[in-house]
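Q: Listed here are the chains, written in short residue letters.
There are 2 protein chains.
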Amino acid sequence: MRRLWNLEEFPFHPEKLSHNETLMTIGNGYLATRGSFEEGFTGESVTTMVHGIYDHADGMLVPELVNAPNWLPIKITVDGTPFKLINQNEMNLTPKNGALIGYRRNLNLKTAVLTRETLFRAESGAIVRIVFERFASLADEHILAQRVQIVAVDGSPEIEVEAYIDHSVTNMGAQHWGKIETKHDQNTVSVGATTIQSGYRIGMSSVLLSDHKVEILMDTPHKRAVMRTHFTLPREASTTLYKFSSVYTSRDIGDPVLAAQRKLQEAYKTGYDALLQAHCKEWELYWDSSDVQIEGDESAQFALRFVMYHILICAPRHDDDVSIGAKTLSGFGYKGHVFWDTELFILPPLTLTQPQMARNLLMYRYKRLSGARNKAKASGYQGAMYPWESTDTGEETTPSWGDPQQDGTRIRIWTGDSEQHISTDITYGVLQYWHWSGDDNFLKQYGAEIVLDTAVFWGNRVEDKNSRYELSQQIGPDEYHENIDNSVFTNRMVVWHLEQAFALLGWLKNNAPADYQRLVKQLDLNDDRLAKWIDIIQKMYIPFDEQKQIHIQFPGFFEMEYVPVPHYEPRTASVQAIIGHHRTIQTQVIKQADVVMLMALLGDKLAGRDVLINNWNTYFPRTDHGSSLSPAIHAWVAARLQLGDIAAEMFEHAAEIDLNDNKGNVRDGIHGAASGGLWQALVLGFCGLHLDDNGQPAVDPHLPAHWKSVSFTVYYRGEKRHFTVNNPVVETLNA
Amino acid sequence: MRRLWNLEEFPFHPEKLSHNETLMTIGNGYLATRGSFEEGFTGESVTTMVHGIYDHADGMLVPELVNAPNWLPIKITVDGTPFKLINQNEMNLTPKNGALIGYRRNLNLKTAVLTRETLFRAESGAIVRIVFERFASLADEHILAQRVQIVAVDGSPEIEVEAYIDHSVTNMGAQHWGKIETKHDQNTVSVGATTIQSGYRIGMSSVLLSDHKVEILMDTPHKRAVMRTHFTLPREASTTLYKFSSVYTSRDIGDPVLAAQRKLQEAYKTGYDALLQAHCKEWELYWDSSDVQIEGDESAQFALRFVMYHILICAPRHDDDVSIGAKTLSGFGYKGHVFWDTELFILPPLTLTQPQMARNLLMYRYKRLSGARNKAKASGYQGAMYPWESTDTGEETTPSWGDPQQDGTRIRIWTGDSEQHISTDITYGVLQYWHWSGDDNFLKQYGAEIVLDTAVFWGNRVEDKNSRYELSQQIGPDEYHENIDNSVFTNRMVVWHLEQAFALLGWLKNNAPADYQRLVKQLDLNDDRLAKWIDIIQKMYIPFDEQKQIHIQFPGFFEMEYVPVPHYEPRTASVQAIIGHHRTIQTQVIKQADVVMLMALLGDKLAGRDVLINNWNTYFPRTDHGSSLSPAIHAWVAARLQLGDIAAEMFEHAAEIDLNDNKGNVRDGIHGAASGGLWQALVLGFCGLHLDDNGQPAVDPHLPAHWKSVSFTVYYRGEKRHFTVNNPVVETLNA
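As they're listed, the protein sequences go chains A and B.
Under my numbering, read the first sequence as residues 273 to 1007, first letter to last.
Under my numbering, read the second sequence as residues 273 to 1007, first letter to last.
There's no promise every hint is true.
Said to hold, decoys possible - Within a straight-line C-alpha distance of at most 20 angstroms, the following computed SDA-like cross-link-like pairs (lysine to any residue) qualify:
hint : chain 1 : residue 1 : chain 2 : residue 2
1    : B       : 980       : A       : 981
2    : B       : 288       : A       : 289
3    : A       : 935       : B       : 810
4    : B       : 980       : A       : 999
Hints were generated in silico from the structure; no laboratory data involved.
Could you put the whole structure together from the sequences, leaning on the hints where they help?
A: Structure (structure tokens):
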């Protein structure tokens, strides 16, 4: 069904400009471009992000992913009136400045093609229908293609079309590009530029194709070359123009401008239709393993495709030295930094449906082990301690202070210091990938070193308090409570981590003795160290209330003020925002799944059902879901606990985060973790996919009452396994 | 599934205030009230319309349905801050004027209960959760019930609640009420008022119930009595208040104020929960026959329930002297006037699923035969000629001139003079009701007189032009072309009408000889008259192009300028609005289904499939759907012609008219005809419900490709018949 694959805007909604600009991002795993308009619009945040191109601008706290030159510009004038999106309030037949009288935009999730149909009246009264189409080729990630069809619906207008590359781009004012050089030949224009601090070079090249003569003009004020064509279009006649662009960076090749120019020649020789066909074929392969089909809930069906689309367009296909930032490549939020969001939220759907891309993401971490070792060393610890926020360098890039608030004060950001569970989260991602892919080579050569050297860090990091081990000054997933001692999430995950490290060592010893020897030597995994790990596993302090039979988020949590979060419905902000930061940190209000996150990751390995239910009943009503990461995890856990209604409600909540902009910040980019979380809530939660006691994939479904079935495909040890899960008792439509 | 029965707004969307105010109208067939807020909001159009209460205000062109006094007001202050919907941009903990920090509104279509949950912060910092609920009882149409629950979420605020009836209402400035009297006793307030021109009296009475003492105060400036209570609500405590109101008019009873007061006593003795239970039980019965279930298309499913809800809340249950206006009871659009929209669009779903209410609507026309005879006589014709726009009097109430345009000119409105097909449309409704209900008594006593006296009109109206009969100065369904000669729609329907009149006479002669005799005598159905009818049937001019094998909308149509309507996509206005009124009338642009409407009404009785397809191919691309009546009829006909994709597209278009406000005028009220049209497109179009050669109900389904099944219930001769129509070849979700 068309609408289950298509995100549509009709008519133009200027009030949703930024929201739709994010949602309609296109990409190919190499770069992504927000859904900005060819002719521009006031208030747009025109952004193209190329993986791996970070830069630390003068005066900024931290480095960020750099906004690349804009390849979109195509400016059309109709009888001298510039085409733009001007809604008209009255039907003037010769509107000054023109008028938009028709508009429909569609992002086809199946093919990653963005189409915009418009109907425009010029001041002359002439009416043109202009249809724009664009895609970032998945078949050749250096090719960007645009098509413009113009029909003279009424009148016989003079049409002028200009196209160029706009290199005057910034990151919301921050200037990253220097050494900007523009070139042009008879029919192409090119731009070269270098990031000022980090020294990455980018090369971009564009060509405009038309049935009519294209000439190159210099736009001296803007220091750029412009491709221009003009012609008269008789009434009811039509014409089609194409703009192709190519992008390379110094991460790909020595001379990116030259490479872009050459690729451009290849692109326009191939032609739009053939490029589109090849692109669509690649997308078909993507969906062949990554699509999920839900019968009985069209909103859920659409939401799943939407989130998977956004993961796929930013997942690096051919590059194992980059990772996915918290806002994917779709906005400036979190500056393109990589968090735990990647390994625990975004990675799993890739591990299970696109294992090669999951491997690329994990290789990014492997290649940054030195950064993690540097951070451990600088903090006085052994082993590898991954940064909370990571960029190209692998160094910690979490800012220590927030931007000044209205009253001038700044809030100290502690996550870079204290949210240390990231090292275990990465280990979780490595082992999940290994268990499902069976990629022993990856494990032996790369993954094991991550798991073991982060274990070395924990073995050294934990604090020996006589009879037990503790961990002070932590931040768990619930970031409302900072620098706490003995976060049950972190303490328990450390135990899991060390257990896994042990198991891994045993496996290596048997299956890869050379690698075993190498790692034991390299990481100094001596007997004393291993003995301490065993001691930690046995004596780590796991805060638990024996009387209530619940895990304690951290000692002292229940001594704080209790705030009845459910009373704060139907709030449109977090409880933190409602009662204020200063009060929140002294209450039991929880930002996001914390003990519940532990339940998601460890399942019944954490405790028996009674304790899990007690935990749920304790923590769910205290959680305000101030983080977009929270609802999907709650849906997942509720589904496993067979709390059907609440699981369905949380799932719906998660599904709406980007599509409905419930948090009001989609302008900053797609919530990547919420996207991956939604897929996990479905496949791991509702369908209960797991590896059984024989290590084989199996399901244990508890679908929402009104769902009929879910079908999905996962890779298991290189083979595709298809599952269809039926709901034995489907509620009828009457219910 | 909850969301297939619920229309939700979350959070508050002030930019959709008027749209949602219309969509969230509640009603019970006696009155309806728009979804305005208890505490008021700037820009609202607070409206309660009671069936049958028309008045012609001083200085207005025509009478209109009168806005009744407002029974909604409940004003709450929290620590002195008046509760209202003020969105806050920043999280101020003590906001001046207060702040809305939570909002969710839900209209339950299954129960016709409107609920609004809010979270509000007072200037004091106190936070309250306030939940409003309201319904217009279907079990007792004179009872209106409101419930307010208040929870002190944070702080222990002083709460003050005031409730009253607001009699200072107008119809967008037009004053209809005079002789306003207010009364109060110890705990109730009452209002009596009389329409100035028409002299209808209304009586309304309200009571406020609280756990705390309620006192009555006089609000002298507003000349009204106010019920007030106040109390302190300790933190986390809650309280519930009720407001009951009752409404009567002089159409019901001699002393409506007294009746309202008495009913009010009854209501609050019964109590909210029992009233709600009785109300819901009645709605269950409504849906038991009027619900349609669509599997495989949730948007369509929801849309069907939405339109049926809006028909049911305005369909007169116990009153056979009122009818449904073009905008139902949900807005001021078309001033509550009754058009052909009722009989050809809104009536059929009632005829088939709620025959008693269909009968009421037809009785309204029967009781206005004298108005129709007056109109015929005044125009120099015999028989009954129904007015194009009808109110309580049955006289023609179409204005002759539109409101002045921006340049001061006014457009002459010809529909009251020339859109004469209304008389046949009513006959169509009568006979459709008779065929399905088998209600012979209705036919004999009332319906036949409508059919026959309008036939008398036509027999006299048509013009004898030597060898053939013609009809000049008509407007067909396509209102872009006015005062044309020989509208094929009207001419052909006149033939159908006279054929039906003949058949009816034969039936009466055999089955009701006394009524036959009575009507023959009363309507002077002499042999000459009947012979002329036969002659007209044989010689009526039906414009047809023998070469192209198509019906001609009217002679001269194809000589006008051709405008390629499909080129004007994706327009957000009608082509008429784009190219202007003056040019449109000289082009082949068609406002709405005209020949296609004829195809819908007569089906294959009009012509063989070849001609029908030719007609479709000719007229569909010339139609701009400038009327909301058009898309559903096109869906219906396309389904019958097995043009699946276009049928599905038109259906979706029709389904979105109110829900998406595609025409931008939902503020004026629900598009009643589009609502009934959607049901017909589904049941008569896609499912192909019809009476077969044996007079038995049968289906002939051609469902949209992705639909799985449709289930619906219709009444046939007093018995319920349930149909489930399966799609033999359903497209999978992968398609």
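Q: Could you grab the alpha-carbon distance between residue 935/A and residue 810/B and see if it respects the 20 angstroms cut-off?
A: Given that 20 angstroms is the threshold and the Cα spacing comes to 69 angstroms, the pair is violated.
Q: With the threshold set at 20 angstroms, check whether the alpha-carbon distance from residue 980/B to residue 999/A stays at or below it.
A: This hinted pair holds, its Cα atoms lying about 18 angstroms apart.
Q: Could you grab the alpha-carbon distance between residue 288/B and residue 289/A and see if it respects the 20 angstroms cut-off?
A: Status holds; Cα separation ~17 angstroms.
Q: Please work out if residue 980/B and residue 981/A have their alpha carbons no farther apart than 20 angstroms.
A: Given pair residue 980/B, residue 981/A holds - Cα atoms ~15 angstroms apart, limit 20 angstroms.
Of the numbered hints given earlier, the model fails hint 3 alone.
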